[in-house]
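Residue numbers (the UniProt record's numbering): 1 to 131.
It should be emphasised that the hints constitute simulated quantities derived from the structure, not laboratory data. For glycine and all other residues, C-beta sits at the position ideal for the given N, C-alpha and C. Keep in mind that a hint or two might mislead.
[Said to hold, decoys possible] Using C-beta positions, here's what the derived DEER-type ranges look like:
#1 E5 - T79: 32 to 40 Å
#2 D110 - Y19: 32 to 40 Å
#3 R54 - Q22: 35 to 43 Å
#4 S55 - R30: 48 to 56 Å
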Amino acid sequence: MRIGELSRRTGVTPRLLRYYEQQDLIAPQRSGNGYRTYTEEDVARVEQVAQMVRSGLPTRLVRAILDLEGVDSAELAATCSRSVALQLASALEEIEGRISCLTRSRDSIDDFLRRTERGGLVRSEVDAGRA
């Protein structure tokens, strides 16, 4: 598939897809005429990247997380320097802080909605949107 179809399927603009490519977050193939071509795996990858970016993670951290996925623990232990471990620990702390903040925000909104007369309706519509 080409960039326009990937954009339609993922909701990510072509411009942002090109940015993801520049940041080494996705790596499309190139056809003979130089057009980018994408696979079903790229759709899943773009959705994962977009979700992490929307969650507030910087692209440098998204790239690090993607690089860690699927790495064998023995391989990781052998190649992980102290400076990399410190950077990852710092990133983990940052993620935990974001999760905590988002959890508090979610709980505040949920509490407010539950106290309204339409709380049940709003909550069921949100849950239906996730399905």
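Do the hints match the structure? See the list:
Our hint of 32 to 40 Å for E5 and T79 holds, since their Cβ atoms are close to 37 Å apart. About 34 Å separates the C-beta atoms of D110 and Y19, a value consistent with the hinted range of 32 to 40 Å. Between R54 and Q22 the beta carbon distance is about 19 Å. The supplied range of 35 to 43 Å is therefore violated. Remark: the range hint 48 to 56 Å for S55 to R30 is contradicted by a beta-carbon distance near 30 Å.
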